[in-house]
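Chemist: Residue numbers (UniProt numbering), protein chains in the order written: chain L, 1 to 303; chain Z, 1 to 341; chain H, 1 to 602.
Worth flagging that the hints you see were computed from the coordinates, not collected in a lab.
Beta carbons: idealized from backbone N, C-alpha and C, even for Gly.
Where hints are given, some of them may not hold.
[Claimed, not checked] Far from chain H by the CB rule (all over 10 angstroms, computed), these chain Z residues:
#, residue
1, Pro237
2, Ala244
3, Met247
4, Gly251
5, Arg336
[Claimed, not checked] Derived coverage of chain H by chain Z (criterion: at least 3 residues anywhere in the stretch with Cβ under 8 angstroms from a Cβ of chain Z; other residues may be distant):
#, stretch
6, 141-150
7, 384-390
[As the list claims (entries may be wrong)] Distance windows between CB atoms, simulated:
#, chain 1, residue 1, chain 2, residue 2, range
8, Z, Leu153, L, Val41, 54 to 64 angstroms
9, H, Ala42, Z, Leu169, 56 to 66 angstroms
10, L, Trp44, Z, Val199, 21 to 31 angstroms
11, L, Val123, Z, Trp46, 20 to 30 angstroms
12, L, Asp136, H, Pro333, 56 to 66 angstroms
13, Z, Leu42, H, Arg433, 53 to 63 angstroms
Below, each chain spelled out in residue letters.
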Amino acid sequence: MTAQPQSQPRIPADAGTTGGVPAAPHPAGPVQSATWRRVPVTVWIAGVFAGLLLLAAFAPGVLATHDPRAITLGSPLAAPSWEHWFGTDQSGRDLYSRIVHGTTQSLLIGLGSAAVGVGLAVVFGSWAALGGRWADAVIGRAIEVLFAFPILLLAMVFIAVYGPSVQTLILAVGLGIAPGYARMVRAQVMSVRRSGYVQAAQALGHHPGRVLAQHILPNALRPLLAVLTLGIGQSIVWASGLAFLGFGVAPPSPEWGALLEAGRPYIIEAWWLEIIPGLAVLATALTATVLGKFVESTLEGER
Amino acid sequence: MSVTTETLTTAPAQPSSPEPVRRGRPVTSTAALIGKKVLGALFVIWAAASITFLIQSLLPGDRATLLLNQQTGQVQERSAEELAPINEQFGFDDPLLVQYVTFLGGLLRGDLGISYTLYQPVTTVIGDQIVPTLVLTFTALAVAWALAIVLLLLTARRAPWVSRIFSGLESAAAALPQYWLGIILLVVFSLWLGLFPVVSGSGTAGLVLPALTLGIPLAGFLAQVMRAEFERTMDEPFVLTARARGMSDGGVRLRHVLRHSLLPGLSLTGWAVGAQFSAAVIAENVFARPGLGRVLVTAVNGRDLPVVCGVVMLVALVYVITNLIVDTAYILVDPRLKEAA
Amino acid sequence: MTTLTDTATPLLTDPAPEGGAAGAASRPLVEVENLNVWFSDAHGRRSHVVHDVSVQIHAGECVAIIGESGSGKSVTARTLIGLTGPNSHVRADTATALGRDIQTLRDTDWRSIRGKDIGFILQDALVSLDPLRTVGAEIGESLRLHGVRDRAERAARVEQLLAEVGVPEPHLVAGQRPDQLSGGLRQRALIASAIANHPSLVVADEPTTALDVTVQAQVLDLLAQRKADGTAILLISHDFSVVGRLADRVLVMQGGWIVESGTAAEVLENPQHPYTRQLLDAVPSGHTKGEYLTEEGRARAAARATTAGTSQRTAPAGVGNPAEPKDEASQVPAVLSARGLTKSYRGPDGRDRTVVRDVSFDVHAGRTLGIVGESGSGKSTTASMALGFIAPDAGTVLLDGAPWSELSLAGRRSRRREVTVVYQDPLSSFDPRWSGERILTDALDAGTAPGVFASSRARRAHRQEQSERAAQLARLVGLTPEHLAKHPLRLSGGQRQRLSIARALAPEPKVVVLDEAVSALDVSVQAQVLDLLTELQETLGTTYLFISHDLGVIHHMSDEILVMKDGVAVEHGDADRVFEQPEHHYTQALLGSLQALSTTVR
């Protein structure tokens with residue numbers, strides 16, 4: 001999806017290097033100057049959609065065509081039409097406007113879970129990588145155990161104990177995605193810590209604190225922006241899955257998961273009530289993925 | 001980095017070559033390796049058990065009251081007389097440590113406790129429904145692998161636009177929410193085309209759509225990680241050597257490169273099997289398929305913790321066993337790991 | 001075994017005219033006339049990488065193409081097996097191999113030729129053989145693809161082939177993977193897989209690069225044997241000694257063009273093209289000791305000599321007499337002393353393996369101690385102990401007569417700036433976010449920079465001063481401020497290594513440790529960097545601990561030499577003495593293989 005340079009010939013094609021020396025290809029790939037000019041079309045689309053999402057989140061009134069709570073008498077479960085772009089629900093409410101108004105809460109759940117998950121991952125991942133053998137062993141084991149608790153199941157345990165609520169959802173999904181990211185952070189910090197430039201800084205007699213602040217943290221944590229973006233997408237998908245099973249935000253709310261839950265009894269006669277909110281979830285997740293990967297490859301390209 | 005490990009042999013080397021041959025395979029015993037893995041697996045099981053125990057015992061509110069209310073469908077304060085037999089039966093009054101030991105002891109005997117709502121042993125509740133869920137999970141796993149490998153062999157490192165389109169499709173597939181894919185498949189193939197039953201039941205025809213529902217997103221994930229390794233391996237010098245031997249492009253992909261790209265796929269499988277198992281809950285829900293999914297949803301709604309925790313333990317067990325298998329497969333694919341471990 | 005005069009066919013000059021006893025008897029196996037190759041990148045831009053190359057190879061003859069990276073030599077070789085890749089475009093007036101027009105071959109035709117009529121050998125069998133499979137399976141694949149269907153027959157042939165390439169106990173080796181074999185054995189296995197079907201032409205692309213010098217000699221012997229049996233060889237190499245050992249005729253490539261061609265004797269002993277001469281001059285060895293390797297180095301030295309006529313310290317141009325500083329050896333104090341260094345590691349089998357045993361040496365101020373050894377000799381571990389990165393299990397390192405290895409971590413930190421290091425791969429030793437200037441100012445800053453609470457003027461002044469000092473350092477190593485402004489990624493390999501040297505000099509260290517610092521560079525760039533190091537020692541009196549596997553480089557640079565094998569210092573002494581009268585049999589063997597490689601050059 002992103003503009004990865006495709007199939008480079010194995011033989012360096014740097015002809016005509018006479019007196020000078022051809023620069024060896026850097027492992028991170030070729031340097032791209034003026035990256036913005038090479039932004040692929042998928043990223044443009046994702047960018048526009050992300051803009052719409054933010055608009056819907058902060059000013060739903062601008063995008064909505066109807067009052068999300070207004071009941072249109074006589075047209076319950078109406079199929080998508082010019083009047084109701086995405087159709088209407090069992091009470092005749094405009095689905096498009098409901099989705100627009102549900103954006104804020106859905107994004108908050110995604111952002112909250114991603115923040116919890118990535119936050120935990122950064123703390124414990126870095127701790128494992130920098131805290132010595134014992135910290136690494138203990139945290140490594142804990143991560144391994146958490147892997148045996150799939151996200152969905154972990155969330156259900158939480159809900160069984162504390163009952164369904166937005167906070168439970170955020171906490172459960174965040175905790176669920178944390179071990180994967182923690183492993184990623186740990187590997188990242190480890191590889192930076194063992195890198196040639198950290199050793200070079202130590203060889204110059206720099207204080208460990210200075211090495212940590214100047215080299216390890218910035219280089220290890222920079223890719224996390226991309227990780228956070230990916231995490232938002234993933235969290236929204238999981239949270240909506242839970243909502244689909246009936247463990248999400250309670251239905252009168254237009255939160256996307258709640259829309260999914262509310263539409264479930266009507267799958268057969270009104271497919272749009274499930275497909276379209278699901279599409280909103282999918283589109284948001286894809287947008288996050290595309291943007292996250294783009295950020296990642298841009299950061300890589302800068303190196 | 002790597003210090004070459006040239007162990008001297010006692011055999012006199014031929015004069016033409018002063019370098020000694022390393023004799024036989026290193027004696028890092030396979031038994032010790034397996035022992036280590038099994039120990040790690042037992043640790044995970046024990047930790048999962050302890051966590052589920054803690055969740056049950058640290059539940060907010062009085063468990064006996066909760067249990068009684070669930071059974072009668074009422075919500076009210078209970079008197080000590082009412083609660084006493086329940087506390088007696090479940091041992092809620094015992095010190096936590098005693099409860100823990102009893103719990104672990106029960107576990108060893110395969111006893112996961114009694115369901116709060118069904119009043120049946122949890123093992124019976126789960127045992128009745130486990131087969132369809134396991135069948136679905138592993139069918140989906142097989143579907144995902146088959147899809148990913150075919151996709152990889154056909155599209156990785158081809159013309160730039162082919163690779164780009166298919167790697168885009170993989171990202172999209174990996175992001176698909178299972179419930180959404182399931183509904184689409186249900187609406188299109190069952191409602192509109194009438195190819196498959198709307199209510200899946202436990203027959204083979206009913207397995208197709210749920211397996212695809214779970215398999216397609218996982219195939220996307222698998223293909224993504226395997227494609228990266230596949231394309232990296234295509235650049236390795238040994239691929240050139242193999243081509244220079246007279247091997248066809250397809251032969252190189254199938255006999256050399258694919259094997260290398262299996263490795264990240266295998267690690268992902270080990271990691272994803274738990275997630276697949278729990279996603280089966282969603283698929284079962286969409287397709288009205290029998291299995292643990294319904295048991296679990298009912299138990300969560302009814303706050304029937306022994307059942308929920310029993311399912312958690314079961315998933316941990318499935319996870320651990322799958323990972324033992326994956327570790328073995330890993331060593332078969334990459335024999336270097338045997339010595340490294 | 002082969003010296004040039006035995007095997008060179010003097011009648012074969014290039015372009016080889018039809019005539020002459022050997023040439024007339026047979027048509028050449030390979031005839032390429034005006035070969036051109038282009039590559040197109042993802043954006044459809046084309047680059048022309050091979051220009052009008054013509055080459056002829058006869059049976060039993062070895063033609064070598066020599067050149068630096070990017071010269072197009074490997075691409076030329078790969079056109080002969082039709083594997084230049086999907087983005088390449090090949091055109092030639094004539095291009096026949098074994099009587100077939102290779103421009104018209106389809107993939108199926110190619111497959112029947114590759115591995116059967118033409119064998120192909122790459123460098124480093126560790127990555128050129130499938131690491132997941134046994135070498136027996138790899139060799140067997142060559143047989144299977146060309147018609148040997150029977151498993152048992154294949155297994156027998158594999159063992160026979162391994163024996164043919166001089167592998168002891170072939171039945172054992174056939175069942176092992178490349179990573180389980182030593183460098184020499186796995187390279188032999190790679191050769192066995194290439195010659196499995198006894199091809200009449202072998203294309204060998206850097207077949208000995210990355211191998212230890214003793215192994216190199218063995219592999220070349222093996223190829224010479226094939227040649228004697230009538231196999232034609234196209235040898236691709238950057239190394240004159242390798243080419244001189246095996247080639248009958250030599251083509252020199254630069255930037256995609258052939259700049260010189262002729263018999264090996266002509267090209268190596270009497271080069272005509274300035275580029276060839278420059279390349280030959282750039283090869284460091286004992287003969288070049290005390291001299292500059294590049295025109296530029298010589299010119300700079302001459303300029304210094306005239307301007308600094310009054311200077312007391314600098315010797316006349318070209319350092320002059322290498323014997324001169326040696327007399328002072330005993331008077332010059334040791335800056336870095338190692339006594340009885342020993343280090344062992346726990347192996348994967350749980351047993352301790354001693355990688356360095358009882359190594360002692362002194363590095364004297366203003367002089368160079370070279371540590372030379374093959375892979376696994378413990379030279380890098382010794383360097384790490386000298387740098388204070390690894391604590392020795394026994395023995396001690398003294399810095400300026402004061403304890404160094406025995407200090408606590410924090411105690412050593414305050415003195416770290418007295419011993420600096422230059423690595424083999426400079427790029428990985430630079431923070432990927434930093435420019436050249438930032439890298440140097442960071443190295444200049446010993447933590448005494450005014451803090452955030454200092455006045456902004458003080459901080460500005462400090463920054464200004466640091467950046468001036470960085471520019472000075474850059475000039476010292478031949479870099480301009482423009483280079484400093486760039487990200488190291490946009491610098492060439494040589495420029496990166498200069499930056500790395502500037503960083504090592506920034507703290508004004510007492511010793512600079514050079515750990516394989518020039519090993520990854522092309523020979524002409526290596527010559528520039530070596531000249532820079534010589535010049536710095538001459539003008540600043542820098543002290544070096546120089547670690548390398550390359551005997552020529554070590555002899556060229558060092559005043560004193562320590563030869564290491566399997567963790568033990570087998571020989572230690574004055575550089576010329578060690579090279580001219582080696583006492584230990586290992587040093588003798590090492591130098592023997594070097595001599596076998598290089599007698600034909602110079």
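Chemist: For every hint, state whether the structure bears it out.
Modeler: Against the structure, the hints come out as follows:
1. Pro237: 4 angstroms, violated
2. Ala244: Alanine 244/Z not clear of chain H: closest Cβ-Cβ about 3 angstroms, inside 10 angstroms.
3. Met247: Methionine 247/Z not clear of chain H: closest Cβ-Cβ about 6 angstroms, inside 10 angstroms.
4. Gly251: For glycine 251/Z, whose nearest Cβ neighbour in chain H is about 8 angstroms away, the distance does not exceed 10 angstroms, so it is violated.
5. Arg336: 6 angstroms, violated
6. 141-150: holds (count 4)
7. 384-390: It is violated, with 0 qualifying residues against the three required.
8. Leu153/Z <-> Val41/L: 54 to 64 angstroms: Between leucine 153/Z and valine 41/L, where Cβ atoms are some 28 angstroms apart, the hint is violated.
9. Ala42/H <-> Leu169/Z: 56 to 66 angstroms: 20 angstroms, violated
10. Trp44/L <-> Val199/Z: 21 to 31 angstroms: Check failed, 43 angstroms falls outside 21 to 31 angstroms.
11. Val123/L <-> Trp46/Z: 20 to 30 angstroms: 25 angstroms, holds
12. Asp136/L <-> Pro333/H: 56 to 66 angstroms: Between aspartate 136/L and proline 333/H, where Cβ atoms are some 44 angstroms apart, the hint is violated.
13. Leu42/Z <-> Arg433/H: 53 to 63 angstroms: For leucine 42/Z and arginine 433/H the Cβ distance comes to about 45 angstroms; the hint is violated.
The structure does not agree with the numbered hints 1, 2, 3, 4, 5, 7, 8, 9, 10, 12, 13 stated previously, though it agrees with the rest.
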